[in-house]
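Generate coordinates for the entire structure from the input sequences, incorporating the hints supplied.
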Amino acid sequence: MSWFTRKEKGIHTPTELKKETPDGLWYKCPSCKKVMHTREHKTNAYTCIHCNYHEKIGSAEYYELLFDKNQFTELDANMSSSDPLHFVDTKPYTGRIVATQKKTNLKDAVRSAYGPVNGYDLVISCMDFDFIGGSMGSVVGEKIARAIDYSITHKIPFLMISRSGGARMMEAGFSLMQMAKTSAKLALLAEAKIPYISLLTDPTTGGVTASYAMLGDFNIAEPGALIGFAGPRVIRETIGKDLPKDFQSAEFVLEHGFLDFIVDRKELKTKIATLVGMLK
Amino acid sequence: MLLDFEKPIADLEAKLADMKQLAQDKHVDVHTAVKFLEESIIKLKKETYQNLTRWQRVQLSRHSERPYTLDYVYNITDQFIELFGDRTVKDDKAMVGGFGAIDGQTFMIIGQQKGRNTKQRQQRNFGMANPEGYRKALRLMKMAEKFNKPIVTFIDTPGAYPGIEAEERGQGEAIARNLREMFMLKVPVICIIIGEGASGGALGIAIGDKVLMLENTWYSVISPESCSSILWRSWEYKEQAAEALKLTAEDMMKFKLIDGIIEEPLGGAHTDINRMSQTVKQEIIRNLDILNQLTPQERINLRIEKFCSMGVYIE
Chain A
1 MSWFTRKEKG IHTPTELKKE TPDGLWYKCP SCKKVMHTRE HKTNAYTCIH
51 CNYHEKIGSA EYYELLFDKN QFTELDANMS SSDPLHFVDT KPYTGRIVAT
101 QKKTNLKDAV RSAYGPVNGY DLVISCMDFD FIGGSMGSVV GEKIARAIDY
151 SITHKIPFLM ISRSGGARMM EAGFSLMQMA KTSAKLALLA EAKIPYISLL
201 TDPTTGGVTA SYAMLGDFNI AEPGALIGFA GPRVIRETIG KDLPKDFQSA
251 EFVLEHGFLD FIVDRKELKT KIATLVGMLK
Chain B
1001 MLLDFEKPIA DLEAKLADMK QLAQDKHVDV HTAVKFLEES IIKLKKETYQ
1051 NLTRWQRVQL SRHSERPYTL DYVYNITDQF IELFGDRTVK DDKAMVGGFG
1101 AIDGQTFMII GQQKGRNTKQ RQQRNFGMAN PEGYRKALRL MKMAEKFNKP
1151 IVTFIDTPGA YPGIEAEERG QGEAIARNLR EMFMLKVPVI CIIIGEGASG
1201 GALGIAIGDK VLMLENTWYS VISPESCSSI LWRSWEYKEQ AAEALKLTAE
1251 DMMKFKLIDG IIEEPLGGAH TDINRMSQTV KQEIIRNLDI LNQLTPQERI
1301 NLRIEKFCSM GVYIE
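Chains A and B, in that order, give the protein sequences. Residue 256 in my numbering sits at position 256 of the first sequence, and the numbers go up by one each step. Residue 1103 in my numbering sits at position 103 of the second sequence, and the numbers go up by one each step.
A couple of the hints might just be wrong.
Using 30 Å as the maximum straight-line C-alpha spacing, the simulated DSSO-like pairs for lysine-lysine come out as follows [said to hold, decoys possible]: (1) Lys1256/B - Lys91/A; (2) Lys91/A - Lys1238/B; (3) Lys1119/B - Lys241/A; (4) Lys193/A - Lys1142/B; (5) Lys1146/B - Lys193/A; (6) Lys1142/B - Lys155/A; (7) Lys241/A - Lys1238/B; (8) Lys91/A - Lys1254/B; (9) Lys193/A - Lys1186/B.
It should be emphasised that the hints constitute simulated quantities derived from the structure, not laboratory data.
In structure tokens form, the structure reads like this:
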């Protein structure tokens, strides 16, 4: 059986002789584990061609998917977080921000822009989960507030795409008050009778769920998205029991009456444009 | 139950009581010693309570003898009619409310309610409201608006309840709706944090023209324990978390996230509930007088402007 055992330890092929495929050419679905070409995955709106798993994507991808020819004007692109509390846990908050900005090439956890969607002007604020878990601090609150202001001033419908773990602890009280601030602006938007569509994506929890994400004229979600106020771990620890299957999934939330509909990302643009068109 | 930093004071107070008893029984003159002890107690109290750490204030805010919402209600109103139910699912015992008359003025008074003993604590769900609690609160606030009565809310909660039914019935939606609707209330709204002000569960009834905190309370986005468990991955760092979160009345006032601080009796609200209630009552009346100078639209505009100016960022 000697052919089963390696005579010499380790790998001896020199690096230049290795036959590797270039990075990022193939995408492996984390849900069904099947492999597909990244180009194919992208043209499928970053959903799995086999099982329809919706990959977590950020503002750049949503803007490209939604705005006609990726044409948009960004609002408040340079706003970034300050550190009013001089917050230090295992590392200082300022260090976290700088490191995350470098890593993600983003300024904070939300971007706002306006532009045409199938010909209809729309203001879209979109969260980026890669930036400290999409947590809501002063920048997120202020940028959303200003995007709503823009909607009101120009009478353009507002689309909010949420993907967030909730409040940003490192801004403590300030973070909490962003829930109030965004809700105040949404009260004004509602008064102005301008449509507000809230798209909840995987995951949307905590203070984001308990403020702007649940205040849409239309609360819609991507399939399978985790949506809740308290996170599943906290609930499990509180009640000391396992949670039912599909608890807090978009489908569960729809069944309990808190979503208007679930939308496949491949149909997102058409559906939003149709809805906005009907309200014209 | 005594807190650690209350013990030295309690010891001295016990000593003083013994001495007075001795003097009475044996007819000894202990006049000077008594005076000395009394002065020491006041001195120690001042030293202790003027230098409390943030974590010690959190402990005081949860003191087992601390006055709760209904204690204030019964102490400051001449009449009170409690109203129940959200008209949809059930009555949430963690959120109480009703019309109460304070010096002849009718108020809608709403607040989270904690329990004193094990049975009550369970019944009140430790002051953690379910969605129906927030919807009950909103129903009562809309009724106050309809009959043009000012609103007072008492905030005292370790958070909105994180449970299966709470999620099924839309905890997030219930709180979110309260935030938006409270901004548009035409009547004056005064919110007072009387104990714990934890996160969205507190904010859900805390959108007011005047948001006030009692001296030994806390108000933040998360409890020190949960913050410790998430950021330090251990429950052991609650003291550090409390310091980092800057969650006391003084901190929140400094950041202009609240409108005022209500002083507590030396030693905390629980040491003199009557006096504490009277102070709270005076503050309610004083603030209502100020708010009555404004028109409903002015109050709404100022309320919105105030919360919209909260936040620190770089441009």
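Hint check:
{"no.": "1", "hint": "Lys1256/B - Lys91/A", "verdict": "holds (26 Å)"}
{"no.": "2", "hint": "Lys91/A - Lys1238/B", "verdict": "holds (16 Å)"}
{"no.": "3", "hint": "Lys1119/B - Lys241/A", "verdict": "holds (22 Å)"}
{"no.": "4", "hint": "Lys193/A - Lys1142/B", "verdict": "holds (21 Å)"}
{"no.": "5", "hint": "Lys1146/B - Lys193/A", "verdict": "holds (23 Å)"}
{"no.": "6", "hint": "Lys1142/B - Lys155/A", "verdict": "holds (29 Å)"}
{"no.": "7", "hint": "Lys241/A - Lys1238/B", "verdict": "holds (26 Å)"}
{"no.": "8", "hint": "Lys91/A - Lys1254/B", "verdict": "holds (24 Å)"}
{"no.": "9", "hint": "Lys193/A - Lys1186/B", "verdict": "holds (19 Å)"}
Violated hints for the displayed structure: none, as all numbered hints are satisfied.
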